[in-house]
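Participant: The lines below spell out each chain.
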Amino acid sequence: MFDLIKRYPWLPSLEEYYSDISSKDPLEFIHEVFKSDKVGFLKKRILSIFNAAFENIELIQDYAADNLNIYLYIILRILLYVLDNKSISNRIANLYSKNTYNELNEDRDYNLFKIYQDLNLEVKYEEEPIIYKKRVIKDQEEIFKTKFKIFFIDYLKLASNLKDPYRKLVNNALFEGYVYVKPKNLNRLIQEYVRIKLLTQKKINLERLKELREQLFKNPEFKDLFNEIKNLWEKKKEDFEYALDTKYKRGKDMLKTFPPCIEEILSKAEEGQNLIHIERLYILWFLNALEYPEDEIINVFSKLPDFDREKTEYQVKYAIKKGYTPYSCKSLKSYNLCRAIEKNDELCLKGYYSKTKEKQQEIYHPLRYVDVMEYRNSRKLKNSKKNLEKQNEGS
Amino acid sequence: MKDLDYLKRLFKAYYKEKPSEIPIITDFEHREFGFIPWDTKILMNRHMSFINKDSLVKFLINNGPRHVYSSGALYLKPENQEMKSKEYYGCDFIIDIDVDHFYTPCKDDHDIWYCKECGNNGRGMPEKCPKCGKSKFKTLNWICKACLNLAKNEIIKLIYDFLLPDFGISIKDIKITFSGHRGYHLKIENEKLRTLSSDERREIVDYITGENLSFENFGLQRIGENIFGFSRETLGWSQKILRKIEEILRKPNPEIEIILSNKKRFNFSGKKIENFLNFKEDFLITIKNSHRNNWTLFGFNLNDWNKFLVPIVKEIGIEIDTPVTIDIHRLIRYPGSLHGQTGFKVQELLPDEIEVFNPLDELNEKLDPIVFESDKFITQKLEIIESNIPATEMKGETHGPYSQGEIIEVPHHIAVFLLCKGVAKTI
Ligand code: SF4
Ligand SMILES: [Zn+2]
Ligand SMILES: [Zn+2]
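Note that the protein sequences, when read in sequence, are chains U and D.
Position 135, counted from 1, in the first sequence is what the working numbering calls 390; the numbers after and before it change by one each time, with no gaps.
Position 128, counted from 1, in the second sequence is what the working numbering calls 779; the numbers after and before it change by one each time, with no gaps.
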């Protein structure tokens, strides 16, 4: 287990095996770590992670499964905590989790099994591989087999965040409560787990954060490191941080007319969270359908951790040329992107009353949502104008 | 109004005489309760909670509500008005199967609509009024043995085709209730299932309905002139589909012809059906052989295969009312309480009880939802106040159909039912 923790310091049993660390006061811990890091290896490795993350490199070059790697992970978390910057956190979480995925894929079955157990996942291991899927094309057989199966609830908890159709439960081999899955697919789910873990920090109270920062800054090495990262970020961030100015054309209230599904993706993008492919396509087609100018659309993507201006420009241009229509509510529901229930959105849930059709109409398309909202807003405006006029008449 | 008071008194009396019919559900004190009173001005009183069964029963005796609900969700503070402050910590896994939400052929006989615009009325479910063209309807849904049987079959399919074999759910964790009207609820009591989010629940819904299934994922594709299909060895939905196809192929040709030409389902033309039947024997051999899956069939393109597979999926999948499963804050009927639209008891059932359960004529007294059946043959006089009331079959007897203004004399439980439905008044 020790070796596994060195390689995967995010494992829950870190706390158990290194209880001396977890019981320590962070300041004391930082003191000790930097004191022992005479040659500056640790610092170098931490900086290289931030560098890679800011440069959109998808690999941690000098990743090593040593003791230092454990300290590195803990300091990384402390740093993210005190940096308190969602864009940075997202970038680091993406890079670190991707790296984890690569590491896992190279590991032995035995280790993987122990890792899954440590994560408290109900995973079972069969001595002989089980065939769970087969595709025959002419005389070629593509056989899918695995020794791993995972309890469906654990599978759902890991997978429902990732919306690719082939990961949906309905498209998987489910038998007696277990989903048969290759380790590689399972590892992709663990990647997501690690990403979320790095992003989830305790709620930050500003006062407390200041205090903690000041305390930690008493350690000069830490302070240096913190400032260096800040400087790096200041230099890089202009590339990503175009203000997300979605108000366009139809006035600055446009955003208010957007359905919950779009709202959610926009705020994710704003925070620099990674967007999955389908989310990207959806938002792209949606904004395009509302005739957002190219630059504005590109800027929506500018905070994403893997943003590449040229590539995005190309994709946006392509989409504009093709003029795809955005997904319907039905498709969005199938991708789990609909947020009507969670946001308890009246219009989405109950529809609207159509005067021309004389009946309650469902919202079947997000663009319909925008239309209805715009209509309502314009009515409100008219009414308030009318009221104003009336008042004037009265006085 | 006086009839509503009468029903309220009946309901109160039931709760007073039969408090033992009210079970205590798990984590009782952490549930939110909601009640719909007889007073039609009030929609629902919710955000209530009870510390024990006695206090609930007392409430029921004092108020005799029209409908009684409790949350599938568990809260630390169920009585708080705001969802956020209730402190949610889990929700039972619930599946609702209700004839109101899917098509049954006999609805054309017994579900009635009234046009609010011109007063016209008729049966079934039209898009718009054939007389005035408007679509403002009031509907009257009737109970029917055939419909209830369909709902029951869906529950049985759900358990034995999905929950047990695929999800590995243990039968002892499954609780079923007859809703007291046109459907059933199924609840799985399992700590781990309680932790699922809405999104995760939706994934399970998709699995049991077959929604968002990808044929391509299971191997359906065109390569050049050939079309390749599924393999027997692929676990999950692929196997279910193959089994269903086999079932169809084993039928005699004339029967297959009827199935495939059905406008509501496959809707294939005569030519296509002919091609299909020619290929039948070959196709049977192919789907039974795990090394073959060439589904190339003259005149059948990828589109036709999709058209063939979609109704098959629909038939295998379960007709459920999706929002009930996904919405974790929803209230559902409390077992043992009375349904205000029928006067029937919401009846708890074990999985092995449901197969012979017959809500409209149940022999096992303990499971009988018709609680207002009187021992002696007591009848009541009523006047019918709505037009075109369908026949009601209950306890082996048929009453009706009736037309507006008719004066009738019927047994007590039929009277309660007609009053609850709001189609008759006492005289
Ligand atoms: S109902 Fe449609 S518009 Fe509303 S949130 Fe869902 S997908 Fe978006
Ligand atoms: Zn009419
Ligand atoms: Zn019926």
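These are computed hints drawn from the structure, not numbers from a lab.
Note that this is a predicted model, so its numbers are computed, not measured.
Ideal Cβ placement from N, Cα and C applies to all residues, glycine included.
Any given hint could be a false lead.
[Unchecked claim] Listed below are the simulated DSBU-like cross-link pairs for lysine-lysine, each with C-alpha atoms no more than 30 Å apart in a straight line:
| id | chain 1 | residue 1 | chain 2 | residue 2 |
| --- | --- | --- | --- | --- |
| 1 | U | K598 | D | K843 |
| 2 | D | K735 | U | K511 |
| 3 | U | K437 | D | K767 |
| 4 | U | K614 | D | K767 |
| 5 | U | K605 | D | K692 |
| 6 | U | K418 | U | K605 |
[Unchecked claim] Selected chain U positions facing chain D (in silico; Cβ < 8 Å):
| id | residue |
| --- | --- |
| 7 | L417 |
| 8 | Y421 |
| 9 | V425 |
| 10 | F430 |
| 11 | A595 |
| 12 | I596 |
Participant: So, for every hint listed, does it hold in this structure?
Facilitator: Checked hints:
1. U:K598 with D:K843: Judged against 30 Å, a Cα distance of about 25 Å means the pair holds.
2. D:K735 with U:K511: Within the cut-off at roughly 23 Å; holds.
3. U:K437 with D:K767: violated, 59 Å
4. U:K614 with D:K767: holds, 12 Å
5. U:K605 with D:K692: holds, 21 Å
6. U:K418 with U:K605: Since the Cα atoms of U:K418 and U:K605 sit roughly 26 Å apart, the hinted pair holds (cutoff 30 Å).
7. L417: violated, 11 Å
8. Y421: holds, 5 Å
9. V425: holds, 5 Å
10. F430: holds, 5 Å
11. A595: Cβ of U:A595 sits 10 Å from chain D, so the hint is violated.
12. I596: Hint on U:I596: holds, closest Cβ of chain D at ~6 Å, below 8 Å.
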